[in-house]
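Taken in sequence, the protein lines are chains A and B.
Under the working numbering, the residue at position 106 of the first sequence is numbered 106, and the numbers go up by one with no gaps.
Under the working numbering, the residue at position 194 of the second sequence is numbered 194, and the numbers go up by one with no gaps.
Hint data in this document are derived by calculation from the structure and do not stem from the laboratory.
EDC-like cross-link-like pairs, simulated, lysine to aspartate or glutamate; straight-line CA separation at most 16 Å: (1) B:K360 to A:D62; (2) B:K280 to A:E27; (3) B:K165 to A:D375; (4) B:K129 to A:E138; (5) A:K129 to B:E138; (6) A:K165 to B:D376; (7) A:K360 to B:D63; (8) B:K360 to A:D63; (9) A:K280 to B:E27; (10) A:K50 to A:E60; (11) B:K129 to A:E136; (12) A:K50 to B:D51; (13) B:K360 to A:E60; (14) B:K50 to A:D51; (15) B:K204 to B:D287; (16) A:K360 to B:D62; (17) B:K129 to A:E137; (18) B:K284 to A:E27; (19) B:K95 to B:E117; (20) A:K284 to B:E27.
With the Cβ distance kept under 10 Å, some of the chain A side facing chain B (calculated, not the full set): (21) R19; (22) Q59; (23) L91; (24) V372.
Predicted model, so just to flag it, every value in this text is computed and none were measured.
Ideal Cβ positions, reconstructed from N, Cα and C, are used throughout, including at glycine.
Number of protein chains: 2
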Amino acid sequence: MTEPGKVSMEKIVSLCQRRGFIFPSSEIYGGLSSCWDYGPLGVELKRNIKDAWWRAVVQERDDIVGLDAGILMHPQTWAASGHLEGFSDPLVECKNCHLRWRVDDLKDKNCPACGGELTKPRLFNLMFKTFMGPVEEEANVVYLRPETAQGMFVNFQNVVNTTRKRIPFGITQIGKAFRNEITTGNFVFRSREFEQMEIEFFVKPGTDEEWFNYWLEERLNWYVNLGIKKEHLRLRQHAKDELAHYARVCYDIDYLFPMGWAELEGIANRGDFDLVQHTKYSGKSLDYFDDETKERFIPYIIEPSAGVDRSALAFLCDAYDEEPAEDEIRVLLHFHPSLAPIKVAVLPLSRREKLVEAAKQVYADLRQCWIVDYDDAQSIGRRYRRQDEIGTPFCITIDFQSLEDKQVTIRERDTMKQIRVPISELKAALAAKLSGEDLFVLPPGGQIWKE
Amino acid sequence: MTEPGKVSMEKIVSLCQRRGFIFPSSEIYGGLSSCWDYGPLGVELKRNIKDAWWRAVVQERDDIVGLDAGILMHPQTWAASGHLEGFSDPLVECKNCHLRWRVDDLKDKNCPACGGELTKPRLFNLMFKTFMGPVEEEANVVYLRPETAQGMFVNFQNVVNTTRKRIPFGITQIGKAFRNEITTGNFVFRSREFEQMEIEFFVKPGTDEEWFNYWLEERLNWYVNLGIKKEHLRLRQHAKDELAHYARVCYDIDYLFPMGWAELEGIANRGDFDLVQHTKYSGKSLDYFDDETKERFIPYIIEPSAGVDRSALAFLCDAYDEEPAEDEIRVLLHFHPSLAPIKVAVLPLSRREKLVEAAKQVYADLRQCWIVDYDDAQSIGRRYRRQDEIGTPFCITIDFQSLEDKQVTIRERDTMKQIRVPISELKAALAAKLSGEDLFVLPPGGQIWKE
Numbered sequence: 001m002t003e004p005g006k007v008s009m010e011k012i013v014s015l016c017q018r019r020g021f022i023f024p025s026s027e028i029y030g031g032l033s034s035c036w037d038y039g040p041l042g043v044e045l046k047r048n049i050k051d052a053w054w055r056a057v058v059q060e061r062d063d064i065v066g067l068d069a070g071i072l073m074h075p076q077t078w079a080a081s082g083h084l085e086g087f088s089d090p091l092v093e094c095k096n097c098h099l100r101w102r103v104d105d106l107k108d109k110n111c112p113a114c115g116g117e118l119t120k121p122r123l124f125n126l127m128f129k130t131f132m133g134p135v136e137e138e139a140n141v142v143y144l145r146p147e148t149a150q151g152m153f154v155n156f157q158n159v160v161n162t163t164r165k166r167i168p169f170g171i172t173q174i175g176k177a178f179r180n181e182i183t184t185g186n187f188v189f190r191s192r193e194f195e196q197m198e199i200e201f202f203v204k205p206g207t208d209e210e211w212f213n214y215w216l217e218e219r220l221n222w223y224v225n226l227g228i229k230k231e232h233l234r235l236r237q238h239a240k241d242e243l244a245h246y247a248r249v250c251y252d253i254d255y256l257f258p259m260g261w262a263e264l265e266g267i268a269n270r271g272d273f274d275l276v277q278h279t280k281y282s283g284k285s286l287d288y289f290d291d292e293t294k295e296r297f298i299p300y301i302i303e304p305s306a307g308v309d310r311s312a313l314a315f316l317c318d319a320y321d322e323e324p325a326e327d328e329i330r331v332l333l334h335f336h337p338s339l340a341p342i343k344v345a346v347l348p349l350s351r352r353e354k355l356v357e358a359a360k361q362v363y364a365d366l367r368q369c370w371i372v373d374y375d376d377a378q379s380i381g382r383r384y385r386r387q388d389e390i391g392t393p394f395c396i397t398i399d400f401q402s403l404e405d406k407q408v409t410i411r412e413r414d415t416m417k418q419i420r421v422p423i424s425e426l427k428a429a430l431a432a433k434l435s436g437e438d439l440f441v442l443p444p445g446g447q448i449w450k451e
Numbered sequence: 001m002t003e004p005g006k007v008s009m010e011k012i013v014s015l016c017q018r019r020g021f022i023f024p025s026s027e028i029y030g031g032l033s034s035c036w037d038y039g040p041l042g043v044e045l046k047r048n049i050k051d052a053w054w055r056a057v058v059q060e061r062d063d064i065v066g067l068d069a070g071i072l073m074h075p076q077t078w079a080a081s082g083h084l085e086g087f088s089d090p091l092v093e094c095k096n097c098h099l100r101w102r103v104d105d106l107k108d109k110n111c112p113a114c115g116g117e118l119t120k121p122r123l124f125n126l127m128f129k130t131f132m133g134p135v136e137e138e139a140n141v142v143y144l145r146p147e148t149a150q151g152m153f154v155n156f157q158n159v160v161n162t163t164r165k166r167i168p169f170g171i172t173q174i175g176k177a178f179r180n181e182i183t184t185g186n187f188v189f190r191s192r193e194f195e196q197m198e199i200e201f202f203v204k205p206g207t208d209e210e211w212f213n214y215w216l217e218e219r220l221n222w223y224v225n226l227g228i229k230k231e232h233l234r235l236r237q238h239a240k241d242e243l244a245h246y247a248r249v250c251y252d253i254d255y256l257f258p259m260g261w262a263e264l265e266g267i268a269n270r271g272d273f274d275l276v277q278h279t280k281y282s283g284k285s286l287d288y289f290d291d292e293t294k295e296r297f298i299p300y301i302i303e304p305s306a307g308v309d310r311s312a313l314a315f316l317c318d319a320y321d322e323e324p325a326e327d328e329i330r331v332l333l334h335f336h337p338s339l340a341p342i343k344v345a346v347l348p349l350s351r352r353e354k355l356v357e358a359a360k361q362v363y364a365d366l367r368q369c370w371i372v373d374y375d376d377a378q379s380i381g382r383r384y385r386r387q388d389e390i391g392t393p394f395c396i397t398i399d400f401q402s403l404e405d406k407q408v409t410i411r412e413r414d415t416m417k418q419i420r421v422p423i424s425e426l427k428a429a430l431a432a433k434l435s436g437e438d439l440f441v442l443p444p445g446g447q448i449w450k451e
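Assemble the whole structure, with the sequences as input and the hints as a guide.
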């Protein structure tokens with residue numbers, strides 16, 4: 001068994017590339033610095049994470065609605081949010097070779113590239129800028145959003161007016177954001193293009209502390225319910241001097257990544273900062289009238305802000321395991337069934353025509369319900385290993401006896417237990433195993449689900 | 001009944017803004033030219049369209065896998081693809097006020113803004129450019145992808161190596177793309193930020209014509225199966241002089257939008273253009289070895305390329321209907337159940353405590369399965385109208401009798417027919433109505449499903 005929190009990043013990166021979870025972006029051109037492409041399995045993992053978010057945050061609740069605002073927003077948005085002024089790193093430039101460096105990355109006072117003299121630090125904005133319209137001039141500058149949050153603030157009044165939602169309620173958005181980071185790395189942990197899942201939850205001032213605590217617990221439980229071990233999660237409160245300009249209180253949900261504890265999600269009490277700022281810059285009132293109490297106020301905002309890529313990395317690291325099996329090491333991903341890219345693999349025992357025919361029939365039938373794989377290459381043992389390594393919860397084996405008794409074998413990833421099931425009952429059996437929550441609740445700190 | 005293809009864009013735009021499908025981007029700042037934000041209902045519609053695509057293209061097939069490549073790609077990608085050289089519009093600049101204009105938009109030879117003299121036309125590239133890293137210089141220029149296709153071409157070998165897929169097979173990707181169009185408009189039909197759904201289907205040369213025809217039919221049927229009326233779709237072949245530089249043959253699937261017939265999806269036979277170009281520019285071989293025939297060849301590519309936003313607009317327009325009902329006009333969206341943003345609305349007949357309690361119970365129970373709305377404001381008739389207008393297929397009414405007999409009323413959107421169902425059987429009844437394909441196959445040209 002891999003020691004908790006001890007899987008190396010090299011093993012994760014290697015598995016991701018070898019099996020098609022994540023590739024370096026534009027790899028045939030040597031890659032694009034710290035950008036990543038999700039392959040066939042990675043895209044399914046990401047879809048499952050985002051679907052689990054949407055299900056927990058929108059579908060199963062009665063107080064949050066979704067939104068999908070543009071990546072390109074009106075530039076005034078970033079003046080109001082403080083990003084134009086404050087979203088920057090101090091950089092120095094070499095007077096000789098003109099390369100720029102982050103001050104905290106420097107070991108001495110000279111240019112690491114050529115040894116030249118460096119300028120005094122200047123602020124460098126982390127937003128990617130581009131030009132909209134045919135003329136490249138200041139008036140046409142727009143930015144790639146550095147966070148999805150602002151799209152929800154500027155649409156607050158639109159949502160109130162069109163949905164009949166009353167405070168307390170929230171808006172959520174999943175989408176790409178871009179930051180021109182100087183220091184990137186740790187695989188998909190910090191990249192310049194990334195995907196966020198954010199909630200902006202609007203509450204009455206005075207109730208904000210209570211809601212903040214509610215969201216801390218709610219968000220922690222989301223990860224635990226999807227299989228992250230409790231001992232790999234911790235809460236860390238931001239110190240006063242590290243608080244962002246908009247935040248009254250902020251906690252990080254840290255995960256024990258291979259490189260150590262690092263932020264998986266941030267939960268902030270933003271107070272009324274955002275709605276006040278956007279009111280000031282737009283001249284449009286963003287206050288709220290409570291029909292019942294006849295009070296008018298500017299809501300406070302509690303913001304859980306998670307990363308899809310960081311979540312994917314955390315779920316991969318937490319699921320990774322190695323265990324001895326028949327003279328070799330069995331590598332497996334203990335993915336929660338709802339996150340597993342492939343739910344079921346159909347494996348005919350051999351390539352004999354009759355077996356293949358029966359197996360293809362089962363394969364076609366199961367594809368109506370789930371993402372299913374089919375594999376008839378090499379020994380059944382090697383095929384099980386291939387599925388274990390990508391976290392497929394169930395393998396269905398069709399053997400010669402299946403042709404006689406119309407039964408197949410379901411083999412479980414974690415226990416390697418096998419049970420025999422009539423083909424006519426296969427779909428229902430798998431549905432119960434894949435969706436029955438009581439079947440898959442992880443014991444505290446445990447990796448293997450109960451049956 | 002609204003005459004087919006005759007709904008006005010004004011009505012669609014108005015409905016979209018009034019009910020929270022689509023808002024102008026950054027509206028409180030006066031909007032950002034031709035960019036749009038999807039509101040709570042719009043984001044569900046888009047999710048449903050993308051899920052329907054993924055289900056039909058990835059899940060239900062055995063020969064297509066997904067991918068999610070970056071929006072930022074290595075700049076050499078765009079040299080190889082031809083976009084750096086060829087993806088441009090001819091523009092003229094006013095020598096006096098320096099505004100630029102598209103040649104085909106000009107009525108005479110002077111500047112429409114100031115009357116000044118215009119330069120000769122120069123080519124203006126439609127890709128948005130930005131700078132990666134701290135220095136804004138030519139070496140750091142990267143582009144926002146103008147199409148998702150290239151991410152699939154540059155990852156062709158990665159997918160072959162990691163998935164065991166053999167030709168013929170495809171890769172599909174859904175994601176944002178950006179084009180700095182000079183002429184935008186017709187609501188979300190042409191905007192600068194948009195979302196694509198593309199398939200790159202790799203085939204053996206010589207079989208490409210057959211596969212091209214296969215995909216034409218397959219893609220047409222996807223729209224028809226999701227409720228688009230056949231008479232609102234047509235195929236249009238590109239003339240020789242309008243063919244893109246990469247295409248051997250290209251057909252548009254046109255839809256009869258309010259502004260007339262316009263491209264909903266393009267299907268192109270790209271031949272070996274893309275893999276040859278990327279081989280040339282990257283120096284990496286992108287050919288394919290067929291294990292069975294022992295042949296080595298460069299695959300041809302058939303590309304169905306659809307737009308999420310255009311599909312959303314088409315589904316909205318096609319679903320829109322007005323019909324007389326009780327002295328007023330009933331506005332309704334005949335969405336296919338799988339596309340409807342809200343599947344079920346729960347409506348207690350009044351706000352009496354016992355009714356609300358029972359209704360909330362049903363609401364909580366149904367949310368486990370679907371996106372469900374709850375509405376207890378105003379008369380039941382008005383509430384039905386509100387749900388009709390956003391295309392909710394089923395309303396559940398809980399009345400006083402429900403408290404006695406534990407039965408509720410299911411009211412159907414299109415027929416306004418009502419049936420009484422025991423609460424214990426409600427979920428199963430709705431599941432059958434929402435997912436049973438035989439229940440919802442549209443008769444050719446018809447708008448109302450059979451029961």
